[in-house]
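Protein chains: 2
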Amino acid sequence: MQFEISKDLILELQQHIVHKRDQDLERLLHDMHHADIAEILDELDFNEATYIFKVLDSDKTAEILLELEDDLRENILSRLSAKEIAEELDELDTNDAADIIAELSNNLKAEVISELDDLEHAKDIIDLLRYDEDTAGGLMGKELVKVNENWNVLTCVKEMRAQAENVSRVHSIYVVDDQNRLKGRLSLKDLLTTSTKTQIADIYIKKVTFVNVDAEDVEVARIMQKYDLEAIPVVDAMGRLVGRITIDDIIDVIREEADKDYQLAAGISQDVEADDSIIELSKARLPWLVLALLGGFITVRVLGLFEGAMVEHGNLFFFTPLIAAMAGNVGVQSSAIIVQGLANNTLSGSLFNRLIKEISLSLLNGAILSSILFLGSYFLLGEPAVLGVVICIALVAVIIIASLIGTFIPLLLHKVGVDPALATGPFITTSNDICGILIYFSIARMILGF
Amino acid sequence: MQFEISKDLILELQQHIVHKRDQDLERLLHDMHHADIAEILDELDFNEATYIFKVLDSDKTAEILLELEDDLRENILSRLSAKEIAEELDELDTNDAADIIAELSNNLKAEVISELDDLEHAKDIIDLLRYDEDTAGGLMGKELVKVNENWNVLTCVKEMRAQAENVSRVHSIYVVDDQNRLKGRLSLKDLLTTSTKTQIADIYIKKVTFVNVDAEDVEVARIMQKYDLEAIPVVDAMGRLVGRITIDDIIDVIREEADKDYQLAAGISQDVEADDSIIELSKARLPWLVLALLGGFITVRVLGLFEGAMVEHGNLFFFTPLIAAMAGNVGVQSSAIIVQGLANNTLSGSLFNRLIKEISLSLLNGAILSSILFLGSYFLLGEPAVLGVVICIALVAVIIIASLIGTFIPLLLHKVGVDPALATGPFITTSNDICGILIYFSIARMILGF
Numbered sequence: 001m002q003f004e005i006s007k008d009l010i011l012e013l014q015q016h017i018v019h020k021r022d023q024d025l026e027r028l029l030h031d032m033h034h035a036d037i038a039e040i041l042d043e044l045d046f047n048e049a050t051y052i053f054k055v056l057d058s059d060k061t062a063e064i065l066l067e068l069e070d071d072l073r074e075n076i077l078s079r080l081s082a083k084e085i086a087e088e089l090d091e092l093d094t095n096d097a098a099d100i101i102a103e104l105s106n107n108l109k110a111e112v113i114s115e116l117d118d119l120e121h122a123k124d125i126i127d128l129l130r131y132d133e134d135t136a137g138g139l140m141g142k143e144l145v146k147v148n149e150n151w152n153v154l155t156c157v158k159e160m161r162a163q164a165e166n167v168s169r170v171h172s173i174y175v176v177d178d179q180n181r182l183k184g185r186l187s188l189k190d191l192l193t194t195s196t197k198t199q200i201a202d203i204y205i206k207k208v209t210f211v212n213v214d215a216e217d218v219e220v221a222r223i224m225q226k227y228d229l230e231a232i233p234v235v236d237a238m239g240r241l242v243g244r245i246t247i248d249d250i251i252d253v254i255r256e257e258a259d260k261d262y263q264l265a266a267g268i269s270q271d272v273e274a275d276d277s278i279i280e281l282s283k284a285r286l287p288w289l290v291l292a293l294l295g296g297f298i299t300v301r302v303l304g305l306f307e308g309a310m311v312e313h314g315n316l317f318f319f320t321p322l323i324a325a326m327a328g329n330v331g332v333q334s335s336a337i338i339v340q341g342l343a344n345n346t347l348s349g350s351l352f353n354r355l356i357k358e359i360s361l362s363l364l365n366g367a368i369l370s371s372i373l374f375l376g377s378y379f380l381l382g383e384p385a386v387l388g389v390v391i392c393i394a395l396v397a398v399i400i401i402a403s404l405i406g407t408f409i410p411l412l413l414h415k416v417g418v419d420p421a422l423a424t425g426p427f428i429t430t431s432n433d434i435c436g437i438l439i440y441f442s443i444a445r446m447i448l449g450f
Numbered sequence: 001m002q003f004e005i006s007k008d009l010i011l012e013l014q015q016h017i018v019h020k021r022d023q024d025l026e027r028l029l030h031d032m033h034h035a036d037i038a039e040i041l042d043e044l045d046f047n048e049a050t051y052i053f054k055v056l057d058s059d060k061t062a063e064i065l066l067e068l069e070d071d072l073r074e075n076i077l078s079r080l081s082a083k084e085i086a087e088e089l090d091e092l093d094t095n096d097a098a099d100i101i102a103e104l105s106n107n108l109k110a111e112v113i114s115e116l117d118d119l120e121h122a123k124d125i126i127d128l129l130r131y132d133e134d135t136a137g138g139l140m141g142k143e144l145v146k147v148n149e150n151w152n153v154l155t156c157v158k159e160m161r162a163q164a165e166n167v168s169r170v171h172s173i174y175v176v177d178d179q180n181r182l183k184g185r186l187s188l189k190d191l192l193t194t195s196t197k198t199q200i201a202d203i204y205i206k207k208v209t210f211v212n213v214d215a216e217d218v219e220v221a222r223i224m225q226k227y228d229l230e231a232i233p234v235v236d237a238m239g240r241l242v243g244r245i246t247i248d249d250i251i252d253v254i255r256e257e258a259d260k261d262y263q264l265a266a267g268i269s270q271d272v273e274a275d276d277s278i279i280e281l282s283k284a285r286l287p288w289l290v291l292a293l294l295g296g297f298i299t300v301r302v303l304g305l306f307e308g309a310m311v312e313h314g315n316l317f318f319f320t321p322l323i324a325a326m327a328g329n330v331g332v333q334s335s336a337i338i339v340q341g342l343a344n345n346t347l348s349g350s351l352f353n354r355l356i357k358e359i360s361l362s363l364l365n366g367a368i369l370s371s372i373l374f375l376g377s378y379f380l381l382g383e384p385a386v387l388g389v390v391i392c393i394a395l396v397a398v399i400i401i402a403s404l405i406g407t408f409i410p411l412l413l414h415k416v417g418v419d420p421a422l423a424t425g426p427f428i429t430t431s432n433d434i435c436g437i438l439i440y441f442s443i444a445r446m447i448l449g450f
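Protein sequence lines correspond, in order, to chains C and R.
Be aware that the first sequence starts at 1, since it is given in UniProt numbering, and climbs by one per residue.
Be aware that the second sequence starts at 1, since it is given in UniProt numbering, and climbs by one per residue.
Calculated from the structure, these hints are not laboratory results.
Do not take every clue at face value.
Where chains are identical, the list cannot tell them apart; a pair therefore holds if satisfied intra-copy or between any two copies.
Stated by the list, open to error - No farther apart than 25 Å at their CA atoms in a straight line, the calculated lysine-lysine pairs in the BS3-like style are these: (1) Lys415 / Lys357; (2) Lys158 / Lys189; (3) Lys189 / Lys146; (4) Lys197 / Lys158; (5) Lys207 / Lys60; (6) Lys226 / Lys60; (7) Lys260 / Lys226; (8) Lys83 / Lys54; (9) Lys60 / Lys189; (10) Lys60 / Lys206; (11) Lys7 / Lys226; (12) Lys54 / Lys226; (13) Lys146 / Lys183; (14) Lys54 / Lys20; (15) Lys60 / Lys183; (16) Lys357 / Lys7; (17) Lys260 / Lys357; (18) Lys415 / Lys7; (19) Lys357 / Lys283; (20) Lys20 / Lys60.
Generate coordinates for the entire structure from the input sequences, incorporating the hints supplied.
This is the structure we're talking about:
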């Protein structure tokens, strides 16, 4: 099953908006999933989107708010009063509400919080605002079902029913002691299949994977993936249960992390999207281009060192882009494999073994590529055989050096605590351009003597 | 909480293996999570890993099997008899068991299936083997809890208890009619909070998001993410409930998809890891390097066209790697943003607007980079001002063309149904190298006249 926004639907909505036919709008959107409505609003202009937003009920709009693109959400929030925003937040889970409040200005924040209806909810939200967004505390929500180890199954089911009213999805049932310290978890299955008089202390599972409230988000993601968890309890420094993180929030972390590595490999240093403003896009792209430009200056200088070759061996200069391109590509390949290996925790073996492996691989690839290069330069481009030999030897050397740089720079960065993904993309291509050209002309000078 | 494999632990295990102290091994690993044990086995050699594997109980080893690296799993399976493999599979969920069977040779497959203990389980596994691994059918499992719309809450709870025995995690309770056609779902909350005499038909939720059994895995991932689902029911062409897909299997799809885009951007055409064999790594990397090499031949030819400039304007050749690098980097940036926009479904607006935007962005970046380039070439490199002007004009032109190529090639590929990620990395850098150098020298010739 598939939801597709049709042009007809958009047109119909726009007509209803123009003629202020609110009931028709409501009827049209009534059975739609909030994620679908958000997709529609993102297609409309800000005024149209806000009009529809105000027509719909707050139990629906609250969820829609979460799904909107950032700029539209910001725009809509700016047109709502503190009281209206508070009404939206009353409908949301604590972590989602806290995320939205965190986007507001400081003045508005306080005002919105004071307008929240449900005091318990407000207290939970304020508590969540304390944590960094990229920690377990920033990801967790307060909605959870917990039972006391001293209860029996009957009390437990009764208490759970009450708690479940406020929890949209029951992931796990956590067991705590009288001090709210996390003791373990209860399987729903055991609860369903045990007599009602059984003590919780007798049936709960004492092993439970948890994270500390200040654990990093990527660490939480790693643990939840490794142990296949759909929710994980969060404890404070005293071991007290303070919240839980669900897998849907972790999927966002996983995707953002993968997107970030990909963008860095492509030379984009901020999280930008195609639809961001030109200034934002420029800010994300310029730093890497400036780096490449500065590297380019060095290549100009390096080539200048070999100016003497121009008279007799001018053809050598025709091959510099080819050599630079091969060095760049090999370097990016090597670095990408290492960066992914580090990200997915699949690197093993010693540095020395890795060195031997990269050199063997480079010799294999270099031999094949050199053969093609020699044949191409001799038959296709009509270059003299001696030039072909020079270029082939240079190519093998360049491939070895480029793959070593591509392998060991990310490993080094990782070792000193810098994100190794920084070393894929422009950084590696630029340094390999420089090294590649230097090696190429040095070998040419040794063989041809100029 | 963190699990770290210590060298001491590995040494202790190895000592126990050498002296065949099976009980000590069991004691040491008894309380460990299967994912942790798998991590340990991956650190040992094949013989040691197999030894430990055979010491442990099959309820533990079955889960371990799933978590092992491919080559170790293959090795261990090759040392087990059909009966032993069947014992492992009896412990696993249907989809995991089917995944392992799918890796076996055809002969062994039949033998293992015939050795399965639980006939119902065997039937489910055989059913799952029919589906392509990258479809909903290939991802789904048979373990689910379903109730008939004609039951009441009491019958429902009773039946659920029985079904729950075979289901390790209850995600959703699906409601079917007498023909097993999916009608809706039941919220656990409603079930917990409704009187036992209520009819299911009166309380179940009629709206349920499902996928067809032959839906593509990435489509399933998109739907589950969009609607924040932790499990999704799978139906056949008749609308009958045939299985369910859980979010943990979808996380793998999301990660594989992100990894694949990343590898393509880096010029790696197969799913490889740093620890794969040299031959596999070479096979994944060579095609792109050959492509870059062939593109290199063209750049050699293009440069040859401008040989006449060498006598009077030899310095122009020093700047070719710089121009090529800028073209390549700009192209990769543009293509990466488009590829991610397509993958995350966040591209909107017309092609014409995108064209205007890319040109504006290029003019902005081009102006800034040209200023740096002019200053650098005049003061730093001591080139004549006229050469600086030539290079700056060329740079702006190259940036515009490169960003247009980077933007529209992925869009075009996507339009004709080819994976746009193919167009990031080497393909874009190579074509931009060629175009960039051609533009650069053409502009130089126009201004300098050679």
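Status of each hint after checking the structure:
1. For the homomeric pair Lys415 and Lys357, the shortest alpha-carbon distance inside one copy (20 Å) is at most 25 Å, but the shortest distance between copies (40 Å) is not.
2. With identical chains, the CA atoms of Lys158 and Lys189 are at most 25 Å apart both within one copy (16 Å) and between copies (12 Å).
3. Proximity of Lys189 to Lys146 under the C-alpha cut-off of 25 Å is found in both arrangements, the shortest distances being 16 Å within a copy and 15 Å between copies.
4. Taking the closest pair of Cα atoms, Lys197 and Lys158 come within 25 Å of each other both inside a single copy (13 Å) and across two copies (18 Å).
5. Taking the shortest alpha-carbon separations for Lys207 and Lys60, only the inter-copy value of 16 Å comes in at or below 25 Å, while the best intra-copy value is 39 Å.
6. In this homomeric assembly, Lys226 and Lys60 come within 25 Å of each other (Cα to Cα) only across copies, at 16 Å, whereas the closest approach inside a single copy is 35 Å.
7. Taking the closest pair of Cα atoms, Lys260 and Lys226 come within 25 Å of each other both inside a single copy (21 Å) and across two copies (20 Å).
8. Taking the shortest Cα distances, Lys83 and Lys54 sit within 25 Å of each other inside one copy (14 Å), while across copies they are farther apart (64 Å).
9. In this assembly of identical chains, Lys60 and Lys189 lie within 25 Å of each other by CA distance solely across copies; the values are 20 Å between and 33 Å within a copy.
10. In the homo-oligomer, the alpha carbons of Lys60 and Lys206 lie at most 25 Å apart only across protomers (18 Å), although the nearest pairing inside one protomer, at 39 Å, exceeds that limit.
11. For a Cα distance limit of 25 Å, the shortest separation of Lys7 from Lys226 across copies, 21 Å, qualifies, whereas the shortest one inside one copy, 43 Å, does not.
12. With identical chains, the CA atoms of Lys54 and Lys226 are at most 25 Å apart between copies only, with a shortest distance of 23 Å across copies and 43 Å within one.
13. In this assembly of identical chains, the alpha carbons of Lys146 and Lys183 lie at most 25 Å apart only when taken from the same copy (10 Å versus 32 Å across copies).
14. Taking the closest pair of Cα atoms, Lys54 and Lys20 come within 25 Å of each other only inside a single copy of the chain (12 Å); across copies the shortest separation is 73 Å, beyond that limit.
15. In the homo-oligomer, the alpha carbons of Lys60 and Lys183 lie at most 25 Å apart only across protomers (24 Å), although the nearest pairing inside one protomer, at 37 Å, exceeds that limit.
16. In this assembly of identical chains, Lys357 and Lys7 lie within 25 Å of each other by CA distance solely across copies; the values are 24 Å between and 55 Å within a copy.
17. Taking the shortest Cα distances, Lys260 and Lys357 sit within 25 Å of each other only across copies (23 Å), while inside one copy they are farther apart (28 Å).
18. Taking the shortest Cα distances, Lys415 and Lys7 sit within 25 Å of each other only across copies (19 Å), while inside one copy they are farther apart (53 Å).
19. For the identical chains of this complex, Lys357 and Lys283 are inter-copy neighbours only, at 15 Å across copies versus 39 Å inside a copy, given an alpha-carbon limit of 25 Å.
20. When the C-alpha separation of Lys20 and Lys60 is checked against a cutoff of 25 Å, the pair qualifies only within one copy, where the shortest distance is 20 Å, while the shortest distance between copies is 64 Å.
Consistency with the previously given hints is maintained throughout, with no hint failing.
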